[in-house]
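Residue numbers (our numbering), protein chains in the order written: chain A, 1 to 389; chain B, 1001 to 1240.
These aren't lab readings, by the way, just hints derived from the structure by calculation. C-beta: ideal position from N, C-alpha, C; glycine also. Hints are not guaranteed to be accurate.
Derived DSSO-like pairs (lysine-lysine); straight-line CA-CA distance at most 27 Å [stated by the list, open to error]:
1. B:LYS1217 <-> A:LYS23
2. B:LYS1110 <-> A:LYS150
3. B:LYS1048 <-> A:LYS28
So the derived list for chain A, only partly shown, Cβ under 8 Å to chain B, looks like this [claimed, not checked]:
4. LEU33
5. GLY158
6. TYR159
7. HIS174
8. ASP306
9. ALA308
10. TYR376
Computed footprint of chain A on chain B, listed as stretches where at least three residues anywhere in the stretch have a Cβ under 8 Å from a Cβ of chain A [unchecked claim]:
11. 1007-1014
12. 1086-1097
13. 1138-1147
14. 1190-1200
Here is how the chains run, residue by residue.
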Amino acid sequence: METISGIFDNKGTPLEKQKFTWKEMAGKPISKLDDDAFTRVRIILMNGVETDSLRLKHGIARFNKELRLPLAEIRRTEQHQATMINWLIGADHSPLETTVAYEQVAIEVTAAVAQSEPDPYQAQTYRFGLLEDFDHLYRYSAMLDRLEGKDANNILQGYTDIVPGRKSSEHHRHPENDIRDNYEKNTAALITKIHAALITGAEYQTHDYYQNIGPLFADPLARQLYAEIASVEEQHVTQYGSLSDPSESHIEKWLVHEAMEVYMYASCAEQETNPRIKAIWERFLDYELGHLNVACDWFKRIEGRDPAEILAGPLPKMVEFKSQRDFVRQVLAAEVDLRSAGTAYVGKDKEPKSSLDYRNHLASEGLASDIVSAGYQWAPGGELFRKVS
Amino acid sequence: MATAAKLGTNFTGVQMSPKDTQRLMEAVEHTHPDVAGDDRMLMVERSKHNEEAERIGSVPIPGSVKGMLKSTFDMIKGKSPEVLIDKLGERLAFERSGVRLYDAMIAKVKAMNIVGSDLVKELQHIRDEEFEHMVMVEDAIKTLGADPTAQTPCADVAAVKSIGVMQVLTDPRTNVAQGLNALLTIELEDNAAWELLIELAEAGGHPDLAEGFGKAKAQEDDHLIKIKTMVRRDLINDIK
């Protein structure tokens, strides 16, 4: 595996120089039609990263008076970073089209992470969740086609397959089967910690987005579909959130999160094809290095430890933003029938009764994910063209 | 500034990614749907929900005593004044939104700064007439003793319908032709709606209202011709 080092050896932009105007935050969006789908993937992902950064810091502030001001200062910048990023999504995206893009993020980024994750159990967890988001894409694509008469591939641009994965109706599990084992903070590689922080934040954002936009739909099936899938996303947040070590201190988690942000902006800046957006990633990479340095100072002051304990050592090469079609197909073929029992992954026939009972009750009055996707086969331009040809 | 359509790197179609599309089609042919049936299942389920649903809301009871009496009186006679009040509420909301939509379009056209064009003047003229219509409907609702500030069910639904037009007109990236096309949607509906409102006022026993609405209908005829002409003129100039 190629590695990078020295990524954190930079002071970045000092916090007091991280400034914004309202006009630049609410700036020009990307083109839904003319920008590459991976530009949108990066935008959605990094909005998820920034909103999770706010979430984590608010959580820490509840438990630490001394850190309240420094955290608030960084959060103010992060709020404006998140705004500048999220406002890049143009208003010609319908909420359902944006949803398709969210699932593309979940699939392509989780697949990339699963391949570079050195811990086999953590990698297995990413592959497990990946097949569920892959199926969500199929159900939402059917919904988009049958509700709005639109082709999901206009958003996906050919990078991501639109076929069933692990069936959405079988994702709903008892909470006892959503908890996962965590990495050990003293032995885990930094990249393992970064991956857990990244994917948890991304799934949190997806959950919140579905939870907010679900009621905006008039169609009762779309409303129910969002209810069904938002619940799975909550399970995913539970699953991925439990991958990190609960014995890490608050400040240690803060440090890991800032390191993750640096790594992700560096990944985005490296691969961005739109020069205007690339400049944003580069600017925010410098901002994040500034945040990381503040976190390092507090880590030294409060914990009396050297941040190098956490941040030292090489990282794998940048997260690859590209079609992971081959990997996803392999995982689909080998692991579609995996289920979870407690923290373990088991065959379909060993799925615990607790999950089956839980799911059967929820589905006892009908399942939108089945109804909206009945017999759905994607075709260029949408399924109506398949019926013509 | 958004101008006429241009060729560019639009990535959305399959022709832009033939290899990926071929692989996607392989996947579709290899992995079949896991739920039997087709899109008719959605239709059946929607029908069930339609049967179970409650209405979106009600027409408010007229607040003035005079209006209350009239409403009760008409009800006893077997008439339904609330139908007319609902549609008047819709017209009022539509005309009020119409003023805002024309304001958005005027901003778009002004940005083009087209020398010697009367477009802004023509749009302003229509905008001012939409405002007059709004006031006319407000007076009509008051005459019936109803409340012009209430949002009636048809007003609410009409506003949902207009969201797309508002989004098109206020998006700085849309051009004049796209904006005019959005206004054409509005004017086509507006024209038919005034025609219907006149019939409803007459059928409801309000010939004076119907007569006043005739003037608005004549102006709406003019709006429709003007917007159609603008759309045609703009696109034909571009295509030549």
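Hints, one by one, checked against the model:
The hinted pair formed by B:LYS1217 and A:LYS23 fails the criterion: a straight-line CA distance of about 42 Å is larger than 27 Å. At roughly 33 Å between alpha-carbon atoms, B:LYS1110 and A:LYS150 are farther apart than 27 Å, so this suggested pair is violated. Pair hint B:LYS1048 plus A:LYS28 does not hold up; C-alpha atoms about 43 Å apart against a cutoff of 27 Å. Among the interface hints, the one on A:LEU33 holds; its C-beta lies about 5 Å from the nearest C-beta in chain B, closer than the 8 Å criterion.
At its closest, the beta carbon of A:GLY158 sits 3 Å from a beta carbon of chain B; the interface hint therefore holds under the 8 Å criterion. Of the supplied interface hints, the one on A:TYR159 holds, with its beta-carbon coming within about 6 Å of a beta-carbon of chain B, less than 8 Å. Among the interface hints, the one on A:HIS174 is violated; its C-beta lies about 23 Å from the nearest C-beta in chain B, farther than the 8 Å criterion. Residue-level restraint check for A:ASP306 is violated (minimum Cβ-Cβ distance to chain B is 47 Å; threshold 8 Å).
For A:ALA308, the suggested interface contact is broken, since its CB lies about 43 Å from the closest CB of chain B, more than 8 Å. For the restraint placing A:TYR376 at the interface with chain B, the shortest Cβ-Cβ distance is roughly 6 Å, inside the 8 Å limit, so the hint holds. Only when three residues or more bring their CB closer than 8 Å to a CB of chain A does the claim for the stretch 1007-1014 of chain B stand; here the count is 7, and the claim holds. Under a criterion of three residues with beta carbons nearer than 8 Å to beta carbons of chain A, the stated coverage of the stretch 1086-1097 of chain B fails, only 0 such residues being counted.
Look at the stretch 1138-1147 of chain B against chain A: 0 of its residues bring a Cβ nearer than 8 Å to a Cβ of that chain, fewer than three, so the hint is violated. By the rule of at least three residues with a Cβ nearer than 8 Å to a Cβ of chain A, the coverage given for the stretch 1190-1200 of chain B is violated, with 0 such residues.
The earlier numbered hints that this structure contradicts are 1, 2, 3, 7, 8, 9, 12, 13, 14.
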